[in-house]
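*Asks:* Protein chains in written order, with this note's numbering: chain A, 3 to 267; chain B, 3 to 267.
It is possible that some hints are incorrect.
For identical chains, the list gives no copy identity; a pair is met inside one copy or between any two copies.
Stated by the list, open to error - Mimicking DSSO-like on lysine-lysine, the simulated pairs with C-alpha atoms at most 30 Å apart in a straight line are:
1) Lys7 x Lys93
2) Lys7 x Lys36
3) Lys94 x Lys7
4) Lys94 x Lys126
5) Lys9 x Lys93
6) Lys65 x Lys94
7) Lys93 x Lys126
By construction, these hints were calculated from the structure, which means they are not laboratory data. Remember, it's a predicted structure, so these values are computed and weren't measured experimentally.
There are 2 protein chains.
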Amino acid sequence: MNDIKIKARLFTVHDLEAGITITPNTDQAHYLLKVMRVQDSEQVVLFNGRDGEWLSAVRTISKKSCGLEIMEQLRPQIPESDLWLAFAPLKKSNTDFLVEKATELGVSRLLPVFTENTNTTRVKSERLAAIATEAAEQCDRMSVPEISRVQNLTDLITGWPAGRTLLVPDETGGGQSLKSVLETSIEDRDKKNPHGFLIGPEGGFAASELDALDKLPFVSRVGLGPRILRAETAALAALSCFQAVAGDWQQAPRFNNGYFFNARK
Amino acid sequence: MNDIKIKARLFTVHDLEAGITITPNTDQAHYLLKVMRVQDSEQVVLFNGRDGEWLSAVRTISKKSCGLEIMEQLRPQIPESDLWLAFAPLKKSNTDFLVEKATELGVSRLLPVFTENTNTTRVKSERLAAIATEAAEQCDRMSVPEISRVQNLTDLITGWPAGRTLLVPDETGGGQSLKSVLETSIEDRDKKNPHGFLIGPEGGFAASELDALDKLPFVSRVGLGPRILRAETAALAALSCFQAVAGDWQQAPRFNNGYFFNARK
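Chain A with its partners taken away, still in its complex shape (with noise of 0.2 Å):
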């Protein structure tokens, strides 16, 4: 393994299983061709959030597309950590970033929120799939955040599944420490219990929100030290220290194999 030289790891549609041939998209195909400049024989690591991560090799190039051929399976699925994080989406591009460095943190699922001093009123979602698409590819990760539907504070809360926790980092000073109340949850119940993380707008929540969140048995508010955190920030610390707590952070990087792959943008 330590000889081979990955030109691209790239996030499909497509099943995974030896022998056949994938067509990638029209986006994936400029980036081999063009970016890359990819040539016959050159191998490409994929994954589809399935059948675990594979290594292709390029065929038949034309000038606009080419095929890869799967040839042997790298690492079975894997499952991701049952993590999600609901957001209040922020100017443009502290979304980006958040929705870049939420999957690189291991969120399974992103939900956007709009709350009262949300000052957004459009999400692009395509655009925030196409980010966490990339962001996938680049850390490692053997599946892609899903990204729901905008929806209001009061239908998120209205649908919240039973059973999952929903923490929401409060800068009033009204939370205990965030290690505290996972290490309370996990002695509790059964670790496996899933929990989310809620992060406001930049102008914070409504009364009326906390105070309708606070009634809530699933939600615990919690602290994130003495410093007020931008809302990014927020929800880039809070994930940090629930993977480090309460999450997958014991684990390490499989074995480095020596190759690199580099970003698509």
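On the provided structure of chain A, position chain B as indicated by the hints.
*Replies:* Same frame as chain A, now just chain B:
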């Protein structure tokens, strides 16, 4: 206090004591007069990293400047975490981002370091200082992190102070999880043993650099889970985990006074 409308929260180099009047610098005067359009008697919060946090009132507005009369102390000076972050400068906006977020996450000193694979050849210290200052103003800190002169990795480790642990996130899987390293570090030694992190460039450390780091008694390689994090994500994730496990996240924000200050940018 609940009725106070604070127009801004600013870092100043001046000494702060009741009764004196200070003059904001040119940028601050522009911000107060042209952006925030302050009026006589309106209130501005000031801190200088030494004398605590003070309420001041706007006086003697002229076309280009104003005076700020120091009124009463709001909080005595509180020491920040003694936490260093050494980092290889990243592509421009990522370095800006890292400095802003590290400030929010309570770093006391930022140390830019050139490594073998660092692509950047210049560090704009003034720009980074301005970003750190604004982040400190915004996140309710009472100090601004120091920014050291850029140095080579060899000089950093040669001059590293005795008794300060240097934690190096390691994406090759060679380190124990950061949480367990921190917990051991807290148990074994005095909790006040200070720490620093070293974050490599986008391309990672060279093998010779990792070898040199491994030979140092104060260095521990640490793991941040199974995914390969981008350099700036690794920095924030490591700092968040530190503050949650060994830092000041047991503290809450001060009582929310119901005032809101806008970021300067």
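*Asks:* Within a copy, between copies, both or neither: where do Lys65 and Lys94 come within 30 Å Cα-Cα?
*Replies:* neither (35 Å within a copy, 35 Å between copies)
*Asks:* If the cutoff is 30 Å on CA atoms, where do Lys7 and Lys36 land: within, between, both or neither? Let me know, please.
*Replies:* Classified as within; 18 Å inside a copy, 56 Å across copies.
*Asks:* Give the relationship of Lys7 and Lys93 under a CA distance limit of 30 Å: within one copy only, between copies only, both, or neither.
*Replies:* So Lys7 and Lys93 pass the 30 Å test across copies only (25 Å; inside, 39 Å).
*Asks:* Have a look at Lys9 and Lys93 and pick one of within, between, both or neither, based on CA distance no larger than 30 Å.
*Replies:* The answer is between: 22 Å across copies meets 30 Å, while 34 Å in one copy does not.
*Asks:* State whether the alpha carbon distance between Lys93 and Lys126 is at most 30 Å within one copy, between copies, both, or neither.
*Replies:* Both ways: Lys93 and Lys126 sit 12 Å apart in one copy and 26 Å across, limit 30 Å.
*Asks:* At most 30 Å between C-alpha atoms: does Lys94 with Lys7 qualify within a copy, between copies, both, or neither?
*Replies:* between (36 Å within a copy, 29 Å between copies)
*Asks:* Measure nothing new, just compare the shortest in-copy and cross-copy C-alpha distances for Lys94 and Lys126 to 30 Å and report within, between, both or neither.
*Replies:* both (10 Å within a copy, 26 Å between copies)
Of the numbered hints stated above, the single one contradicted by the structure is hint 6.
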